[in-house]
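Colleague: For the protein sequence lines, the chains are A and B, in the order given.
Under our numbering, the first residue of the first sequence is numbered 173, with each subsequent residue one higher.
Under our numbering, the first residue of the second sequence is numbered 173, with each subsequent residue one higher.
Treat each hint with caution, since some may be false.
The list makes no distinction among identical chains, and a pair is therefore deemed to hold if it is satisfied within one copy or across any two copies.
Unchecked claim - BS3-like cross-link-like pairs, simulated, lysine-lysine; straight-line CA separation at most 27 angstroms: (1) Lys460 with Lys207; (2) Lys210 with Lys316; (3) Lys316 with Lys510; (4) Lys460 with Lys483.
Everything labelled a hint here was simulated from the structure, so no lab data went into it.
What follows is the residue order along each chain.
2 protein chains.
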Amino acid sequence: MSLEGVHRYIDEHRSEALDILRDLVARPSISAQDKGVKECAAHLAALLGRFGIAAEVVPTPTQPIVYGEIIRDPGGYTLLCYGHYDVQPPEPLDLWQTPPFEPTIRDGRLFGRGAGDNKGQLLAHVLAARAWLEAADGPPINLKFVFEGEEESGSPSLGAFVREHRARLAADLVYISDGGLHPSGAPVISLGNRGILGITLVAQGADRDNHSGNKGGVAPNPVLILAHLLATIVDPSGRVLIDGFYDDVRPIGPTEQALLATLDYDPVAFGATMGLPTLPMDGPTYWKRIMLEPYFNVNGFVSGYTGPGSKTIIPARAECRIDIRLVADQTTRDILHKLRRHVATVDPRVQVLERGFGTMEASRTAPDHPAVRVVAQAIRAVRGTAPYINPASGGSLPNVVWPRDLGADHIGVPYANADENNHGPNENLSLERFYDGIHVSAQVFQALADAAAAGILPRQRARGGASR
Amino acid sequence: MSLEGVHRYIDEHRSEALDILRDLVARPSISAQDKGVKECAAHLAALLGRFGIAAEVVPTPTQPIVYGEIIRDPGGYTLLCYGHYDVQPPEPLDLWQTPPFEPTIRDGRLFGRGAGDNKGQLLAHVLAARAWLEAADGPPINLKFVFEGEEESGSPSLGAFVREHRARLAADLVYISDGGLHPSGAPVISLGNRGILGITLVAQGADRDNHSGNKGGVAPNPVLILAHLLATIVDPSGRVLIDGFYDDVRPIGPTEQALLATLDYDPVAFGATMGLPTLPMDGPTYWKRIMLEPYFNVNGFVSGYTGPGSKTIIPARAECRIDIRLVADQTTRDILHKLRRHVATVDPRVQVLERGFGTMEASRTAPDHPAVRVVAQAIRAVRGTAPYINPASGGSLPNVVWPRDLGADHIGVPYANADENNHGPNENLSLERFYDGIHVSAQVFQALADAAAAGILPRQRARGGASR
């Protein structure tokens, strides 16, 4: 009865929800440029307060976190909703049809920087909670909200924040809506992400460029040094040859293996989005490689002269930029150590430089976690179709903080349309998908409450103690 | 008696020689920019004519060649002096102490673009011939002059010109003064040059950059494609692994091997000029690698994003620019064929693009050619010290046209100071080295005449027929 009322409330308050979203998107909060982030945090905390959600702005050494909570029963089931209110820089501005911070509705979408990533999605949780507060006597579970202000800058303070406030943040599950639905519009659950380790390999030959005629044969060539090194690091099939690299890769379980076969796959269509005529692999292999296997990538390489004409030099220096995508339970620290050891053995002339920014750990929730089925059923109830369940996504997100620093499992349920253009010009959020998201959150709260009451959901061991 | 008079004439006409050089350097003749080349050719031909040398400007499809000759005895020994009157572009202009085409004397040097490379050096031959014409009854051998107007642009028409005028150009030896003396000022003879084959390897993965998280594991990485290919082309020691690559390398003869040991070598000083603390090899090895062995060089490599920050992409494309330095009797055509075959076998995804510009063949005159000793003795008579004899130089020059297209051996005797700064700002020619050059040319004419009379010099087989 009360759930019906909540959904009705959401339907009846669509236009107000849209106004709230527009107002939020209109506030620039660009962490990379430190523009308007703190102002946006204050606005968001005030908004939560206006809805009856106890909220505050918690400073960190970098950008503040907006924290809110609705505690119905201190010992009851608790869901933590994570999102981020900072946005990517909007540049290049001339590619936007309408200005990025003047949210505009066209074709059933709200255009504006941050509409989908992540303001519209975090707001869905807040508006669902509000509907529960207004149309019933509050949500059926405890809710906690952690809205970060620098996800687009690598979440530098999130882990420390969670560790410091571990007792207060204690939760049974962390729920994250970020990214897009399936291109068909079908819902998706994502159970984790790959990690990322960014490094740069630098080979220095002589301390200056040399004439390749006058010195060719006696001066070392840094490109060839790196080419030979790379050939010892990864084989032509992509398999990494570093000693112990695969040691900690979490085995793919039977449920994960089964899920891979359920995922949508079309080798021609998928190849086309990537820029290849087709893909020389089957669906489970394709998804396994992206989701559950590590990958050694070179994202940039530069040496010598590469402008018009040519310059017959032996370059002094070559630089190779790498990102290694890791999977649970590999760690960036261990892999960096093993890579350094490999390079020191093969060619100590090559320097391994760590790129601090953007390093993230892999994280993966087991697909047979009981909450997965519960959330999937809630999604189906709202959307009328079962979600694809991704054992992980190929990209990297700061999800590891939840199991590592809070001791809680996490589940990802994106709400945005697949073509939200996050990070690009003309970012947008489909209004229907926005309203769907509010309904899904509201439904998920109820479904988790029911399942918790039935005793089928794991509860976080009370590591935080005091708060539970 | 007449040789002494010739040397005296040269000494007495230093100031006039310098005026002639200044006037020639003041005339821009920049082949790369097609600036003033034809005007300079006309001036040079007129200058030869004024000295009593039959001269003309011979058009080619590109820049004209100035041809001159003094035929004393149609069946007699004939020396062809090759040089080039075009110059490198003078930019960047702001690095010149005085304007490049306003020749200026400072510290006993003439500063100006082309002073050393190659106007002062070609003029030395002309002024030596003039001294023989004025102070004696003409040079003791037949002289032919070929002064090219586009050496700095890769000599695109020289080969065809020589083939077309083969009968008229027929000569027993070709004499080239270009480049610099030993840094100590000691004289040098160079018996050849390495060839050069410029190619670009291009690996195309997908037709666009892909997100390394979302596609890492399923999209091909073009940098790794090229790294693996390069590792099959050359081993870590620099040895080329292409099938048949070394087949045509001319064996190093005992005279060449002996010469390598006579060349100046200091591993610390030589390393320092290159930008290395020292060199891990002995002198004969050092010189052998530069002069008599081929070398596979990567002079540029670019892929993906290499600006500030980082971009986690799988690049669509990687480009590797290569110059292969070849030695006699390898040919660029054969090596290109073998490289293409290798690439097609190892990884047909990689394209091999030929860079037409700058391709040159290797060429090497045997060090026991009787003219080498004759010329060396002539140099010693003038300079008071024996020349270093380089079996070849490491760089690439269009010398192959002489044996290939004319059937004549060639010998290089540079006249410029080692720090002439050719190709750079503040190019200059030491006045003493300029006057030395005139004396050396005059002395060489006599020495060759004497040796030819003694029957110890090989004569060109009369391939040209008609002219001999």
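Colleague: So, for every hint listed, does it hold in this structure?
Modeller: Now the hints, each set against the structure:
Within a single copy, Lys460 and Lys207 get their C-alpha atoms no closer than 39 angstroms, and across copies no closer than 62 angstroms, so neither meets the 27 angstroms cut-off. Within a single copy, Lys210 and Lys316 get their C-alpha atoms as close as 20 angstroms, which meets the 27 angstroms cut-off; across copies the closest is 83 angstroms, which misses it. With identical chains, the CA atoms of Lys316 and Lys510 are never at most 27 angstroms apart, being 39 angstroms at best within one copy and 68 angstroms at best between copies. In this homomeric assembly, Lys460 and Lys483 come within 27 angstroms of each other (Cα to Cα) only across copies, at 24 angstroms, whereas the closest approach inside a single copy is 44 angstroms.
Of the numbered hints stated above, those contradicted by the structure are hints 1, 3, listed in ascending order.
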